[in-house]
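Put the complex together from the two separate chains, hints included.
So the protein sequences, as listed, match chains A and B.
Note that the first sequence covers residues 1 to 293 in the UniProt record's numbering.
Note that the second sequence covers residues 1 to 495 in the UniProt record's numbering.
It is worth saying that the hints were derived from the structure and are not from the lab.
It cannot be assumed that every hint is accurate.
Stretch-level coverage of chain A by chain B, calculated; a stretch enters the list once three of its residues show a Cβ under 8 Å from a Cβ in chain B [claimed, not checked]: (1) 128–135; (2) 143–155; (3) 235–247.
Away from chain B, derived, C-beta distances all over 12 Å, residues of chain A [as the list claims (entries may be wrong)]: (4) Glu-29; (5) Glu-30; (6) Met-35; (7) Met-86; (8) Ala-98; (9) Pro-109; (10) Asp-171; (11) Val-181; (12) Ile-191; (13) Gln-213; (14) Ala-215; (15) Cys-225.
Keep in mind it's a predicted model, so treat the numbers as computed, not measured.
Glycine included, each C-beta is placed from N, C-alpha and C at the ideal position.
Here is how the chains run, residue by residue.
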Amino acid sequence: MSSQPGKSHDGAQRDQEVPTTGHSWDGIEEYDNPMPRWWLTIFYITLIWGAVYSILMPSWPGVTGAWPGLLGWSTRGEVAEEVARMTEANAEIDARLAAADLTALSGDPELSQYAVNAGAAVFRTWCAQCHGSGAAGATGFPNLLDDDWLWGGDIASIAYTVTHGIRNETDADARYSQMPVFDELLEPGQIDALANYVLSLSGTPPDSALAAQGAALFADNCVACHMEDGTGNPEIGAPNLADAIWLYGGDYDTVRQSIAGARFGVMPNWNTRLTQSQINAVATYVHALGGGE
Amino acid sequence: MTASEQPPSLYASREPIFPKRVSGPYRRLKWIIMIVTLGIYYVTPWIRWDRGGSLADQAVLIDLANRRFFFFWIEIWPHEFYFVAGLLIMAGLGLFLFTSALGRVWCGYACPQTVWTDLFILVERWIEGDRNARIRLLRRKWDARKARLRVTKWAAWLAIALATGGAWVFYFADAPTLLRDLATFEAPLVAYSTVAILTATTFVFGGFMREQVCIYMCPWPRIQAAMMDEDTITVAYRSWRGEPRGRHRRRHAEVAETTHAADAIGQRVAPADAPRPGDCIDCNACVNVCPMGIDIRDGQQLECITCALCIDACNEIMDKVGQPRGLIDYMALTDEVHETAGKPPIPVWRHVLRPRTILYTVLWAGVGAGLLAALMLREDISVTVAPIRNPVYITLSDGTIRNAYDVRMRNKHGEDRPYRVTVEAQMPLEVALEGARGDTVMVPADSTMLQRLYIMAGPDSTAARSELTGLSIRVEDTASGESVIKDTVFTGRGE
Chain A
1 MSSQPGKSHD
11 GAQRDQEVPT
21 TGHSWDGIEE
31 YDNPMPRWWL
41 TIFYITLIWG
51 AVYSILMPSW
61 PGVTGAWPGL
71 LGWSTRGEVA
81 EEVARMTEAN
91 AEIDARLAAA
101 DLTALSGDPE
111 LSQYAVNAGA
121 AVFRTWCAQC
131 HGSGAAGATG
141 FPNLLDDDWL
151 WGGDIASIAY
161 TVTHGIRNET
171 DADARYSQMP
181 VFDELLEPGQ
191 IDALANYVLS
201 LSGTPPDSAL
211 AAQGAALFAD
221 NCVACHMEDG
231 TGNPEIGAPN
241 LADAIWLYGG
251 DYDTVRQSIA
261 GARFGVMPNW
271 NTRLTQSQIN
281 AVATYVHALG
291 GGE
Chain B
1 MTASEQPPSL
11 YASREPIFPK
21 RVSGPYRRLK
31 WIIMIVTLGI
41 YYVTPWIRWD
51 RGGSLADQAV
61 LIDLANRRFF
71 FFWIEIWPHE
81 FYFVAGLLIM
91 AGLGLFLFTS
101 ALGRVWCGYA
111 CPQTVWTDLF
121 ILVERWIEGD
131 RNARIRLLRR
141 KWDARKARLR
151 VTKWAAWLAI
161 ALATGGAWVF
171 YFADAPTLLR
181 DLATFEAPLV
191 AYSTVAILTA
201 TTFVFGGFMR
211 EQVCIYMCPW
221 PRIQAAMMDE
231 DTITVAYRSW
241 RGEPRGRHRR
251 RHAEVAETTH
261 AADAIGQRVA
271 PADAPRPGDC
281 IDCNACVNVC
291 PMGIDIRDGQ
301 QLECITCALC
311 IDACNEIMDK
321 VGQPRGLIDY
331 MALTDEVHET
341 AGKPPIPVWR
351 HVLRPRTILY
361 TVLWAGVGAG
371 LLAALMLRED
381 ISVTVAPIRN
391 PVYITLSDGT
401 IRNAYDVRMR
411 NKHGEDRPYR
421 VTVEAQMPLE
431 VALEGARGDT
441 VMVPADSTML
451 QRLYIMAGPD
461 STAARSELTG
471 LSIRVEDTAS
481 GESVIKDTVF
491 TGRGE
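Bound conformation, chain B alone (with noise of 0.2 Å):
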């Protein structure tokens, strides 16, 4: 093997993009999604809400050291965890749904990955200047202003990674006790180094990484894959009308101008006779705002995050050398079937409403429904019994039959309560609460509490003698009144 025919390296280096700036309806969208979505991730830990007692007052919270989660008036234990699963059935239901309306529209504008690469190129592009000029200073030599803005640009991102890692951590904690001990140096190590690990995420995944974290990393595009079809709502473009594309479009204005004046009333119609000259002019705006660096001319592709910027670029463009919108724009493949066959385009709405998306519409309605209700149906107290199984009875010195049982109280309050612990049968039996006199215990407060209840039968008593006998155990919150009820046996000798 000679050294021109050497095995050719499969390492394909990063080709740098330079998203060039865009305006435009689309553009304005994303912006305020940014800005709503980042709000809620940075505002929401400071929401204070009082719950009472010893309670934590943050609306939300995920108390890890206690395994408790806390969202506003909903307060999860960690038995209740299927709420937690539920939530995320849902979501990924959502995204079902989603995908198969509208593509990849998660991805295009509430991604935290684009989100963030979105504010990050912002921020770029104020420091160093717009596409042209990051291009110039990428190819400059090293010097003094190269240094000074890459610095400034890497400072402020590694600000804004700070700011990232460091919301995310007071989820976990009372915000403001928090943001003190990591300000003085007393917060636990488990707080820094996670704010290190997601400021160091955050900083090269929005910074360096990005479209390679969407490509490469990503697994939710290959999984979109098999939630699209033909009526999925996609951005494309619409070469039957922009080709054959041409700098030099200008000369044929006038055979233009005939051809669409159908436009301009909502029919397009697909050129039938002699060919001319495309509407694309070739003008490349829509590769230059491109996050991604993809030209949506060629079709969709995998790496199409569906962010629509080439959709107001194109259109700013469409604008300038007055011809109709739209040449990019957001449609399905079956319309572009129909248009170049020069048939009317479907409506929207019949693209968004298809058996698919009604079943996952309804799957998702029905598992929230679920959820719903257990969240009304759940009780504030909840107690189990557990009837000692070793030994199922012992035999007191004067032939009383004595069983002995486990009750689990659990109290959410954030105060203690008395609780009073009765049993329901048909026979008289003797209760007695291990270390309380009298029916009643205090259940500390958000615990839960081990009770060890026995009961008695007399020697010959019908419970005595029998086998099993059905009884019920109830428990009361004194305080509110609340009770509950659960179904139990007592073992006797069986004679």
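Only chain A is shown next, with the shape it has when bound in the complex (with noise of 0.2 Å):
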């Protein structure tokens, strides 16, 4: 900073001949300066910073595996001690969910947010992949947003269910129902007239003068599940079969088939391999869903 004449922080260094690397292009050359002391500093304290850390950490290929560290650190168990502080931090209120009346969860909010949020994730993880992620079912598989239940839609109802599951051979409270296949017992001519009759519970059947012919059929067979006017039986798991929701799908042959080969869907029981608290809080946010009774 000194700015008397002929003399600036670097002056000194110009007077002197500096040797330079002896490459030449076009004439240019480059001068052999030493590296600054600060650069090759911190150039060693980086090598000595790689050499420690490469011992400590996780760092290394080797034949069957990594070099996992003198400090033991992974990924891994960063993500296990992750889930343990948040299962933790959760313990009090999960006791809490777990022990808590479902139906009067809605007397506490912070518990019944939690229940609808911890359910979200539980859904998520475990239920979507039949239910779907928006929890609208398919094809078999039971929309849980609308206000139709085979097996009751009321909160105790749900929770039974994802508790026990359905008709399956793991649990022996599931809850179970099997229809008769009529192809079976009934000839396929009654088959269609039945098929025409249980259409027109809900809408306008392909044939009505079949339709008309099946209402008796439909007394003789049907009834004691279905109930008279098709409403069914959410005790038994009897669908409704005068509403316009259909599991199969309401077409004519597909009604048919349901008729004349039976379905038997199955759902796990959930008891196994959810906490009562997760299954308390899937079964909260299943009810939240609209569908709810």
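Written out as structure tokens, the structure is:
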């Protein structure tokens, strides 16, 4: 910063002869100045840092796996720690949820909010595969957003269904019912008539004359479960045949096939895989989707 | 290679600078600016501003935890961050404008580095004395007196640095509460570490690094080089008038007397004929006061922050030796050319008013006007409506088609507000708010609420049969009567 004539910070260096690297490109040569001290110091520090780091942390690839590092740090371990930390943080409210009376949950906004959010996570992990990420279901897998419930849409019924499942062989308390295979009991013409009658319950059948014949067959074979007006019975999982909602499809062929071959939808019991608080959470979530009774 | 041919070190150690005390109009202006800027910095967080309800009552607060920025009557939410971006753009354009018109005026007067360094030098002078005393103290062997002075100075610097770092954190939390917590060691660790880091940087930058921050660390001087041109007003030395400089000028006083008759009427006329001694008496007053350690007589330099202290110093000397002021002065490069050629200088307003500065002013004002308009037009309640697409609709038992919507309603007020949600459509549609009776929900204070909204169309209605039906959702703050209307669609079976 001195400004006396003929001298500046680096003025002293210019006076000396600095050797060149010996390379010459189009007559341009490069000075072989030494590295600045601060630069070299930082360079050596990074070298040492790199060596120490690779000893302490997972680094060098080997034949059967990488060197794990002396500190034993791993990304998996970090995730496990994080999960354990969250589980720990939620332990208290989870215990409250596991012991909660689900019908009275709306009286506790904090717990209810937690149940819905936790239930959404459980749903995305375990339920979305069949019921869809938006819970709209698919052919053979019920839509959980609507107001039609095979086994009851109040919160206790939903929680029971989640806990024990439907028609599975792994839980003795699973919900169970079985429709006969009417192919073995009725003539094909009778099944045609039945299908026409069933469709007439919620709309216009393809063949009104056949539908009229089907009424008697329905009374003989179906009303025990589906009731006289065809509205079904959630006690035994008998679907409502008089509404606009069809699990397998409401066209004539599909309905005829359902009668002839019967359906046997299965849902796993979740009591062996989910905790009580997770079951309560997902039941609350499903109940809050818009169709809960 | 012999010992004498040892490669030179690329490291140049700092040459200590001892700025001398100076007085004059620019020095006075700098003191005033220092008092004002430091005053703003220290006082601002303590200004209270009642916003009502549960909202913070601090006038200027950056609430990182809740992502709010409060500035007196303005409250900025994270989605309005463009205001901050706009202010930064204005600050940038403002710096462009000032730099192209007045050179490094920011660096010389308002930059925190300059202001705090100035303050530190002031404290240094109070404790250790002026330039000569400080030079003597540096050369003095370590003894009790030197130790006492040094320790006193460092302690004073540290106190200022601590106050600086301490004041910073008050912008990020309720100041009185945080001050109490800091004193009782109950404040969060991040507060202490921020105070510690800023104290350390203030202490080191203001006390020891000083001009090196400007020369080696700050990118702004390099950018400024592109902003300046031959019309930019900078601090310069009238070399044509000062040279040849010499300490024995007095001998030629009589010669000068006649030449400077013209100066009295403001016409600076360059010497046309015989060489005569210049006005510069080479007293080094300009060099001694320079906080950057340069000699302005060498011409424009990267180091110069145009603080104008050399102008004050030189004017004082010129008054003493009976010469006109302005040997060192604010001027543009073109002035030098004009004056050397014997022509009158261009008036200052013509330097300042030129296409470049006008363009910067227009851009700056344009961004400002845009921000102001955005501020005026922004809604006090804000609403977004997102139709749920998974699935787009569902069929209920009786054949009714139902669509669901996520409605996010923001309440910026300090108290809970009842919002009424209604649907405006060409055809009758049934509406239900999840978990609410009727059409009104309470939106909690200072927060955004997510509300599920259901719209139902009868089995054979037009809306159920068409693919898409347009409709509007109106959200009204029933307390203030303000309302927002959002357009969206109803998805039907599409028969």
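Hints, one by one, checked against the model:
1. For the stretch 128–135 of chain A, the stated coverage by chain B holds: 3 residues have a C-beta nearer than 8 Å to a C-beta of that chain, and at least 3 were required.
2. Look at the stretch 143–155 of chain A against chain B: 5 of its residues bring a Cβ nearer than 8 Å to a Cβ of that chain, three or more, so the hint holds.
3. Only residues whose C-beta sits within less than 8 Å of a C-beta in chain B count toward coverage, and the stretch 235–247 of chain A has 4 of them, enough to reach three; the restraint holds.
4. The claim that A:Glu-29 lies off the interface holds: its Cβ sits roughly 16 Å from the closest Cβ of chain B, which is beyond the 12 Å cut-off.
5. Consistency note on A:Glu-30: stated as away from chain B, and its beta-carbon is indeed over 12 Å from all of that chain's, at 15 Å minimum.
6. A:Met-35, annotated as away from the interface, has a beta carbon of chain B within 12 Å; the closest lies near 8 Å.
7. Even its closest Cβ contact with chain B, about 20 Å, leaves A:Met-86 beyond 12 Å, as expected for a residue assigned away from the interface.
8. The beta carbon of A:Ala-98 sits about 23 Å from the closest Cβ of chain B, which is more than 12 Å, so the claim that it is off the interface holds.
9. With a least CB separation of 10 Å from chain B, A:Pro-109 falls inside the 12 Å interface cut-off, contrary to its annotation.
10. At the 12 Å boundary, the C-beta of A:Asp-171 stays outside the reach of chain B, the nearest C-beta of that chain being 29 Å off.
11. Non-interface call for A:Val-181 relative to chain B: holds, since the shortest CB-CB distance, roughly 27 Å, exceeds 12 Å.
12. Taking the minimum C-beta to C-beta distance to chain B, about 26 Å, the non-interface status of A:Ile-191 holds against the 12 Å cut.
13. No beta-carbon of chain B is positioned within 12 Å of the beta-carbon of A:Gln-213; the least distance is around 26 Å.
14. Taking the minimum C-beta to C-beta distance to chain B, about 22 Å, the non-interface status of A:Ala-215 holds against the 12 Å cut.
15. Annotated as non-interface, A:Cys-225 keeps its C-beta farther than 12 Å from every C-beta of chain B; the closest such distance is 18 Å.
Hints 6 and 9 from the earlier list are contradicted by this structure; the remaining hints agree with it.
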